[in-house]
Amino acid sequence: MSALGELAALRKTKGTKDTLSPSERGDNKAAIFFLAPWFIGLGLITAGPLLASLYLSFTDYSLLEAPSWIGVENYLRMLDDPRLHNSLVVTFTYVFVSVPLQLAAALALAMVLDRGLRGLAIYRSVYYLPSLLGGSVAIAILWRQIFGTNGLVNQVLALVGLEGPGWVSHPDYALGTLMILNVWTFGAPMIIFLAGLRQIPEMYYEASSIDGAGRVRKFVSITLPLLTPIIFFNLVLQVIGAFQAFTQAFVVSGGGGGPADSTLFYTLYLYQNGFRSFDMGYASAMAWLLLVIIAALTAANFFFSKYWVFYND
Amino acid sequence: MSHHTRTQNPGRRRGMRLAALVAAAGMALTACSGDSGVPGASNDDDGDEPPAAEGEATIRFAWWGSDTRHEVTQEILDNFMAEHPDITVVSDFTDWNGYWDKLATTVAAGDTPDVITQEERYLRDYASRGVLGDLNEHSDVLDLSNIDDSIIEAGQTDGGQYGIPTGVNAYAILADEQIFTDAGVDMPDDETWTWEDYVDIATQISANTDDGVFGAQDYGFNEPGFAIFARQRGESLYNEDGSLGFSADTLAEWWEISLQLRDQGGTPSASETIEIDAGGPEQSLVGTNSGAMAFFWTNQLEAVSNAAGRDITLLRHPGESQFERTGMYFKPAMFYSMAADSEYPEAAATLIDYLLNSEEAAELMLSDRGLPANTEVRAAVQDQFSELDQRSADFLAELEDEIVDGLPVPPVGAGEVAEITRRINAEVLFDRLSPQDAAEQFISEVETATGQ
Numbered sequence: 000m001s002a003l004g005e006l007a008a009l010r011k012t013k014g015t016k017d018t019l020s021p022s023e024r025g026d027n028k029a030a031i032f033f034l035a036p037w038f039i040g041l042g043l044i045t046a047g048p049l050l051a052s053l054y055l056s057f058t059d060y061s062l063l064e065a066p067s068w069i070g071v072e073n074y075l076r077m078l079d080d081p082r083l084h085n086s087l088v089v090t091f092t093y094v095f096v097s098v099p100l101q102l103a104a105a106l107a108l109a110m111v112l113d114r115g116l117r118g119l120a121i122y123r124s125v126y127y128l129p130s131l132l133g134g135s136v137a138i139a140i141l142w143r144q145i146f147g148t149n150g151l152v153n154q155v156l157a158l159v160g161l162e163g164p165g166w167v168s169h170p171d172y173a174l175g176t177l178m179i180l181n182v183w184t185f186g187a188p189m190i191i192f193l194a195g196l197r198q199i200p201e202m203y204y205e206a207s208s209i210d211g212a213g214r215v216r217k218f219v220s221i222t223l224p225l226l227t228p229i230i231f232f233n234l235v236l237q238v239i240g241a242f243q244a245f246t247q248a249f250v251v252s253g254g255g256g257g258p259a260d261s262t263l264f265y266t267l268y269l270y271q272n273g274f275r276s277f278d279m280g281y282a283s284a285m286a287w288l289l290l291v292i293i294a295a296l297t298a299a300n301f302f303f304s305k306y307w308v309f310y311n312d
Numbered sequence: 000m001s002h003h004t005r006t007q008n009p010g011r012r013r014g015m016r017l018a019a020l021v022a023a024a025g026m027a028l029t030a031c032s033g034d035s036g037v038p039g040a041s042n043d044d045d046g047d048e049p050p051a052a053e054g055e056a057t058i059r060f061a062w063w064g065s066d067t068r069h070e071v072t073q074e075i076l077d078n079f080m081a082e083h084p085d086i087t088v089v090s091d092f093t094d095w096n097g098y099w100d101k102l103a104t105t106v107a108a109g110d111t112p113d114v115i116t117q118e119e120r121y122l123r124d125y126a127s128r129g130v131l132g133d134l135n136e137h138s139d140v141l142d143l144s145n146i147d148d149s150i151i152e153a154g155q156t157d158g159g160q161y162g163i164p165t166g167v168n169a170y171a172i173l174a175d176e177q178i179f180t181d182a183g184v185d186m187p188d189d190e191t192w193t194w195e196d197y198v199d200i201a202t203q204i205s206a207n208t209d210d211g212v213f214g215a216q217d218y219g220f221n222e223p224g225f226a227i228f229a230r231q232r233g234e235s236l237y238n239e240d241g242s243l244g245f246s247a248d249t250l251a252e253w254w255e256i257s258l259q260l261r262d263q264g265g266t267p268s269a270s271e272t273i274e275i276d277a278g279g280p281e282q283s284l285v286g287t288n289s290g291a292m293a294f295f296w297t298n299q300l301e302a303v304s305n306a307a308g309r310d311i312t313l314l315r316h317p318g319e320s321q322f323e324r325t326g327m328y329f330k331p332a333m334f335y336s337m338a339a340d341s342e343y344p345e346a347a348a349t350l351i352d353y354l355l356n357s358e359e360a361a362e363l364m365l366s367d368r369g370l371p372a373n374t375e376v377r378a379a380v381q382d383q384f385s386e387l388d389q390r391s392a393d394f395l396a397e398l399e400d401e402i403v404d405g406l407p408v409p410p411v412g413a414g415e416v417a418e419i420t421r422r423i424n425a426e427v428l429f430d431r432l433s434p435q436d437a438a439e440q441f442i443s444e445v446e447t448a449t450g451q
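Chains as they are written, first to last, in numbering that gives the first Met the number 0: chain A, 0 to 312; chain B, 0 to 451.
Bound-form chain A, shown alone (with noise of 0.2 Å):
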């Protein structure tokens, strides 16, 4: 809802139609022109299935037989189902831990990489590599292997004395393995953060040096609240892009959450439940209340965002 009003208000602040010059205007045309073939996609390949998945969620469909109707069953299931509740704490914790430290990495990063170092653009792709990478099956395999009881970092501990447990094997540390893994992915929003930074104008900082600010005062006062629109888009893409995480547990727990459901991201349970356990309707159901999670916190995102998100405009 407030999403909405958030649309309401850039429209009007967009001001009246006559004050976009012809060259503007060629602009939207341009833009809706590039936009066309995601729309497209969006009502062809996503609508369908979208609302083919919410008649689905009120019915009782094991994927071989036709789908036969039982009302809300599926909803009400769902208040208790034990392996539910577990995937719901498994999931925010990791979104609540990860995305933060996600975050702060990436920031710290594009504030190094913002000094202006020799070799930036190298070290601008070195370090969003893992993002391209991070959400593949073969990374995931990869770590693994390193996080093994006898992988890559338990060798290391073991040469200062330290024993390591099974990073990706211990019901303790498998989620917190993996949230490492998510952290590790921070090139997007670093890039995103890059760019923000750059915008800030080089005379905020001239002006604050004048009266004696040093750097902590420079970070606090000038370049967080002018970053705030930057850090809220990061914020919200990545914790829409943590609630949907999948891959890496799939890979990593061999498709079961393990171990000890540990590991039993939502969409993971939701995928066993509609091609393992022959339940569909219910995994249909569970989508959608992703979907209403997702968009309730995204508006609550929204929400809470005019507290400290600075427009400067």
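Quick caveat, the hints were computed from the structure, so don't treat them as lab data.
Nothing false has been slipped in among the hints.
Examples of chain A residues lying across from chain B (beta carbon under 7 Å, computed): (1) Leu62; (2) Glu64; (3) Gly147; (4) Thr148; (5) Gly165; (6) His169; (7) Pro170; (8) Gly253; (9) Gly254; (10) Gly257; (11) Ala259; (12) Phe274; (13) Ser276.
Predicted model, so just to flag it, every value in this text is computed and none were measured.
The C-beta atom is built at its ideal place from N, Cα and C for all residues, glycine as well.
Take the given structure of chain A and dock chain B to it, following the hints.
Same frame as chain A, but now just chain B:
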């Protein structure tokens, strides 16, 4: 150093807010965006193309397994197609884990493979939902005369013949004699050894060998092991009607022995056990020369032996003469089934007939899908068996007189039990559930899964 061109552009900032909104909506709607990374995908050719010419058929054959099986099966299919030029067989294979996810999806999409490899845990799931065709209807093409009745019966459920066993198997212990020798421990007499002997031997081997070499691999991830344990005590995993046939105490005892082994060092730590289990036969303790004993199916002997590069022996389960009766049983290794809606049922039945009854096929397949179910074919190819195949054939022959009866076809939902077993076993190994609580949770979850 003011090296950047810093611009103040309110329009762009507003754009940012809009971008956040649009991106958020897009991402939330397309759940799992960019994540299509389900491993094990393979060539997924479309099987139901219209016939190219009169009398020609294209059918799809789905199976799971190791790379060796894929190569051998492809060779068999090439031979089949050479013999039946009017039939084209499209291969559709994947690993065990991906297989069931994929099969369920293709069935839902109305694209059921014409010939499907099935397993007992899923046979009823698919048969009772009308996915599989009754093979009795194709007796003109499909010859079952050389297959033992008791074996054929294993594929009968819900009033039809929905699968024909590919071959027989037994769940047994694979033992590495070299490690027994290294540890200075005698091989047990597997006809008389007890569960207490098993624990003692495993513990002793761990104690007498280097770090990283263990007496046994944890057995708790696979419920057939428990089925045998329960049968020895006169109970059973499933009754004929699909209800559970064991007491919580028996299951708790099974896990207590497993914990005893872990605590005495007979098996690795819980974390290592999880990793070893994930590695499959090749990465098992016996497969990597780091353990003396592990429970596997007899048709996995070859894969484990090859990985180990050593002589691996088959042993009976402990406790076979300790209680009321023997617990081991012959299991149909897998089944060949046919899609109920196959466009070319004739061709599909012809392929199944070839796989079951052709000596040429059996010579290639040997015991990879279990010891051939067709007794004549088995006799004909027996002398071509490798030493390992021969060993499992002899082992099964010895068991024949001891085995009391087979297992009933597991109930609908039994496919989920594998996952439940795996998860609860991890809970037990990490001391998050006591064996007794675990047993009660197992019973309640399995009863829910199987609708009892």
